[in-house]
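So the sequences go chain by chain: U and H.
The numbering used here puts the last residue of the first sequence at 329; the count rises by one with no breaks.
The numbering used here puts the last residue of the second sequence at 499; the count rises by one with no breaks.
There may be inaccurate statements among the hints.
Quick list of simulated restraints, FRET-style, between CB atoms [what the hints assert, rightly or not]:
1) U:85 / H:465: 49 to 59 Å
2) U:266 / H:54: 33 to 43 Å
3) U:288 / H:2: 33 to 43 Å
4) U:288 / H:349: 16 to 26 Å
5) U:113 / H:165: 41 to 51 Å
6) H:126 / U:221: 26 to 36 Å
7) H:465 / U:291: 40 to 50 Å
8) U:68 / H:396: 26 to 36 Å
9) U:115 / H:193: 50 to 60 Å
According to the in silico footprint, chain H covers these stretches of chain U (three or more CB under 8 Å from chain H) [to be verified]:
10) 49 to 58
11) 74 to 84
12) 130 to 136
Quick caveat, the hints were computed from the structure, so don't treat them as lab data.
Beta carbons: idealized from backbone N, C-alpha and C, even for Gly.
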Amino acid sequence: MKKWSCLMVSIIVVFPICVLWYGGASAEEKYPTRSIEMVIPFAPGGATDVGARITADELAKVLKVAVTPVNKPGASGTTGGAYILTKKSDGYAIFAATGGPVINAPLVLPDVSYDVFKDFIPVAYFASVPNVFVVKGDSPWKSLKDLIDYAKKNPGKVTCGSAGTGTESHINFEILKSLTKADMTHVPFKSGGDVIPAVLGGHVTMGVNVIAAAGPQIKAGTLKGLGITSSKRLPDYPGVPTNAEQGFPQINVSTWLGYLVTAGTPAPVVKTLAAAFEKAIKSPELIQKAEKAGYVVEYKNPQEFKKYLEEQYAQVSKVVKEAGIAVPK
Amino acid sequence: METLTSLLYGFKITLMPINLLYCFIGVFIGTLIGVLPGIGPSATIALLLPATFKINPVSALIMLSGICYGAMYGGSTTSILLNIPGEPSSVVTCLDGYQMARKGRAGPALGISAMGSFIAGTLSLFGLLFMAPTVADLAIRLGPAENFSLMVMGIAIVTFLARGSMVKALLMAAFGLFLGSIGTDPITAKVRFTYHMRDLNDGIALAPVVMGLFGVSEVLSNVGVAIRREIFEGKIKGLYPNKQDWKDSSKPIARGTLIGFFLGALPGVGSIIPQFIAYVVEKKLSKYPEKFGTGVIEGVASPEACNNSAVTSQFIPLLSLGIPSTGYGALLMGALMIYGIQPGPLLIKNNPDLFWGVMASMYVGNVLLLVLNLPLIPLWVRILKIPYSFLYSLILILCVIGSYSYNNNVTDVLVMAVCSVLGYLFKKYRYEGAPLVLALVLGPLLETALRRSLLISKGSFMIFLTHPISAVFLIITAVILIFPMVTIRRIGKGLEAEE
Numbered sequence: 001m002k003k004w005s006c007l008m009v010s011i012i013v014v015f016p017i018c019v020l021w022y023g024g025a026s027a028e029e030k031y032p033t034r035s036i037e038m039v040i041p042f043a044p045g046g047a048t049d050v051g052a053r054i055t056a057d058e059l060a061k062v063l064k065v066a067v068t069p070v071n072k073p074g075a076s077g078t079t080g081g082a083y084i085l086t087k088k089s090d091g092y093a094i095f096a097a098t099g100g101p102v103i104n105a106p107l108v109l110p111d112v113s114y115d116v117f118k119d120f121i122p123v124a125y126f127a128s129v130p131n132v133f134v135v136k137g138d139s140p141w142k143s144l145k146d147l148i149d150y151a152k153k154n155p156g157k158v159t160c161g162s163a164g165t166g167t168e169s170h171i172n173f174e175i176l177k178s179l180t181k182a183d184m185t186h187v188p189f190k191s192g193g194d195v196i197p198a199v200l201g202g203h204v205t206m207g208v209n210v211i212a213a214a215g216p217q218i219k220a221g222t223l224k225g226l227g228i229t230s231s232k233r234l235p236d237y238p239g240v241p242t243n244a245e246q247g248f249p250q251i252n253v254s255t256w257l258g259y260l261v262t263a264g265t266p267a268p269v270v271k272t273l274a275a276a277f278e279k280a281i282k283s284p285e286l287i288q289k290a291e292k293a294g295y296v297v298e299y300k301n302p303q304e305f306k307k308y309l310e311e312q313y314a315q316v317s318k319v320v321k322e323a324g325i326a327v328p329k
Numbered sequence: 001m002e003t004l005t006s007l008l009y010g011f012k013i014t015l016m017p018i019n020l021l022y023c024f025i026g027v028f029i030g031t032l033i034g035v036l037p038g039i040g041p042s043a044t045i046a047l048l049l050p051a052t053f054k055i056n057p058v059s060a061l062i063m064l065s066g067i068c069y070g071a072m073y074g075g076s077t078t079s080i081l082l083n084i085p086g087e088p089s090s091v092v093t094c095l096d097g098y099q100m101a102r103k104g105r106a107g108p109a110l111g112i113s114a115m116g117s118f119i120a121g122t123l124s125l126f127g128l129l130f131m132a133p134t135v136a137d138l139a140i141r142l143g144p145a146e147n148f149s150l151m152v153m154g155i156a157i158v159t160f161l162a163r164g165s166m167v168k169a170l171l172m173a174a175f176g177l178f179l180g181s182i183g184t185d186p187i188t189a190k191v192r193f194t195y196h197m198r199d200l201n202d203g204i205a206l207a208p209v210v211m212g213l214f215g216v217s218e219v220l221s222n223v224g225v226a227i228r229r230e231i232f233e234g235k236i237k238g239l240y241p242n243k244q245d246w247k248d249s250s251k252p253i254a255r256g257t258l259i260g261f262f263l264g265a266l267p268g269v270g271s272i273i274p275q276f277i278a279y280v281v282e283k284k285l286s287k288y289p290e291k292f293g294t295g296v297i298e299g300v301a302s303p304e305a306c307n308n309s310a311v312t313s314q315f316i317p318l319l320s321l322g323i324p325s326t327g328y329g330a331l332l333m334g335a336l337m338i339y340g341i342q343p344g345p346l347l348i349k350n351n352p353d354l355f356w357g358v359m360a361s362m363y364v365g366n367v368l369l370l371v372l373n374l375p376l377i378p379l380w381v382r383i384l385k386i387p388y389s390f391l392y393s394l395i396l397i398l399c400v401i402g403s404y405s406y407n408n409n410v411t412d413v414l415v416m417a418v419c420s421v422l423g424y425l426f427k428k429y430r431y432e433g434a435p436l437v438l439a440l441v442l443g444p445l446l447e448t449a450l451r452r453s454l455l456i457s458k459g460s461f462m463i464f465l466t467h468p469i470s471a472v473f474l475i476i477t478a479v480i481l482i483f484p485m486v487t488i489r490r491i492g493k494g495l496e497a498e499e
């Protein structure tokens, strides 16, 4: 019996140490020679986490080293951003970035310490999940215009749930509001997941969420999609019109996912990584997995990704200014 | 009838040797990580996720859900033995479970918690099969207004948790509410009370607070007190619950199961609040409420049963609505999406093998857990015989690793350290930790629900009375607050005895 207790105790002690153990470090010229950390700035299980894990899995196959996802959630993703900047710029830490921590948060939140253009180098753009405006399945509106007409006749009656202040869903709502000048109230929730029951239960009139989360409800008819941020209608949801075809091409902020490394990473390392990402992201297996999870995969190389970041930054900063949603210092 | 045929179909899937093996692996890992404080189901599922890409989704989900409910079995072990909740949700079990262990009744406490979990797991599974649509419908009816009133009801029960001084309990609750307001304002995203420490932007995490207040503070207050050891070692009476224990526990298990089942299905409520409610209901109904907190078996049986049925019923909104109500629920949903299965209203129709297979596996898993856990009890009880110098170092290591791994963040370790010192002082001056923990859980939920409701109603407080479900909760709250005036003598007696 004594032996058993000893064994149990040693398992209890050793197990967490093994769990927390990441490969040892050594000086190297060749890259990569050891495991790479992929920093995910959100909690496990969300859309970003799922997308990043799928990519990490495929990237590991290409680079032939382990790519370990590390979740550093918190403060709209900026905890993860601040964390990766404490790491050495040697290409052994990759940031799975979304618009939240690198574009929206620095524009909206008062205390973000980094600048995406100065502190990071874009390596590869992976994919996006379009956002969709949803209402209850049995509501009378068929398009965004119907809803806006209703909102104008009944000022203040329409409420819209978002995934939180400063998130893509909130920004899409603010663009709609400033374009139409309709009197609607923003109700921020803790995450996109909380928006769906609130719309289903009729607690808010409409909600904005990623299609990956709202999709099953739209297919079942319990929710109705009034407008989606993608440029074309999605094959899986032919009944959901795009915002552009309804005359709102400006409402196009999707939740995207791309990969960055910290500024100062040697050029050859960035080149190796970019090539590896290209191969991984273009692999049919990854595309199939990502599409199942609701992503629209579209590889962009470092230059294209940089241009995309600049466009997004310009657009979001305009909205933030017009709508006055920046949080005062 | 249709449900039964489908369930038989589910058993056919679960009892395939490969699925049975994954089910066993799941519940085994679940028990292990449940026992280890800090390493919760979320971290484990996240770690195992890449490995599951290669196996069949049904087997994978059977294993991953096994981890979730297995952790609930294991979570109570360290609560009872060492006063450290293995999972934050086992904090209620500490209140009476640890006191039972101190009286030499660790065995019965562990036994009743395993049996209670088994009974609750089984009953709630049947509830899930036959009442899922009703419960799912109820869950979405609860909007911000209803949630607010439910949380008000929750905060009203703080008064019943008090064992010593009522004033001290209320002070602790107020302190808990204050701690809960640290971090980013949920509506405007302004940062409050963080003094520019950005790691506090997300508020104070529950797990490190609980570990510090309960676990490490126990070590601190025992350091240097050599006499105490004999109390533990002297009399370990009985390893399994006796007849009287069963008599005392059967009704609490039933009530705990019911409370956990209905509250656990509500998105965002989690499993801690239902457990506090279950505990307080038992205290209220008991013939000897003054003994709660000194090691009565009802105080272990009911919250443990509640805990397990809440975990089961959270599969209702997860699978039928695609709405996760906990962190690991969100992970399971992420896993499903990677397998290409969309949780939601069409899941049962499109993937019957997955739905019924997982349901049946939960029953099989519960049987496996019972078989796995009962023989372990004598072994766990022996842990108390380990010399304190070793045991205390072990507790410290577990708490440090546990609070770090919760979010991979050093700040959480510091929070744990500060809370252990606070916990030591609280113990010394006879302030209780439980009201603080309840308030810390409830505070942020209460605030966001209140502010969202007022946004929706344009600032009118009438929203809480015009929504019928919300009004009912508020009326119950009023009754809860007025009730003690009628029974003041009984509670008064208990307070005197304590002081």
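Inset, instruction - Using the beta carbons of residue 68 of chain U and residue 396 of chain H, state whether their distance is inside 26 to 36 Å or not. - result: At 27 Å between Cβs, range holds.
Inset, instruction - Using the beta carbons of residue 288 of chain U and residue 2 of chain H, state whether their distance is inside 33 to 43 Å or not. - result: 34 Å, holds
Inset, instruction - Could you see if the CB distance from residue 266 of chain U to residue 54 of chain H stays within 33 to 43 Å? - result: Since the Cβ atoms of residue 266 of chain U and residue 54 of chain H sit about 35 Å apart, the hinted range of 33 to 43 Å holds.
Inset, instruction - Given the range 41 to 51 Å, decide if the beta-carbon distance of residue 113 of chain U to residue 165 of chain H lies inside it. - result: With Cβ atoms ~45 Å apart, the hint holds.
Inset, instruction - Check, residue by residue, whether the stretch 130 to 136 of chain U contains three or more positions whose beta-carbon lies closer than 8 Å to a beta-carbon of chain H, and give the verdict. - result: Violated - the stretch 130 to 136 of chain U has 0 residues with a Cβ nearer than 8 Å to chain H, which falls short of three.
Legend entry - residue 465 of chain H paired with residue 291 of chain U, Cβ distance criterion 40 to 50 Å: At roughly 48 Å between Cβ atoms, residue 291 of chain U and residue 465 of chain H fall inside 40 to 50 Å, so the hint holds.
Legend entry - Outcome of range test on Cβ distance (residue 288 of chain U, residue 349 of chain H; 16 to 26 Å): With a Cβ separation near 23 Å, residue 288 of chain U and residue 349 of chain H satisfy 16 to 26 Å, so the hint holds.
Inset, instruction - Test coverage of the stretch 49 to 58 of chain U by chain H using CB-CB distances below 8 Å; three residues minimum. - result: Three-residue rule met by the stretch 49 to 58 of chain U, so holds; n is 6.
Inset, instruction - Take a look at whether the Cβ-Cβ distance between residue 126 of chain H and residue 221 of chain U falls inside 26 to 36 Å. - result: For residue 221 of chain U against residue 126 of chain H, whose Cβ atoms are near 29 Å apart, the range 26 to 36 Å holds.
Inset, instruction - For the range 50 to 60 Å, tell me whether the beta carbons of residue 115 of chain U and residue 193 of chain H fit it or not. - result: 27 Å, violated
Inset, instruction - With a C-beta cutoff of 8 Å, work out whether three or more residues of the stretch 74 to 84 of chain U approach chain H closely enough for the coverage to hold. - result: It holds: at least three residues are needed, and the stretch 74 to 84 of chain U offers 6 whose Cβ sits within less than 8 Å of chain H.
Inset, instruction - Given the range 49 to 59 Å, decide if the beta-carbon distance of residue 85 of chain U to residue 465 of chain H lies inside it. - result: For residue 465 of chain H against residue 85 of chain U, whose Cβ atoms are near 50 Å apart, the range 49 to 59 Å holds.
Figure legend: structure checked against the earlier numbered hints; hints not met, in rising order: 9 and 12.
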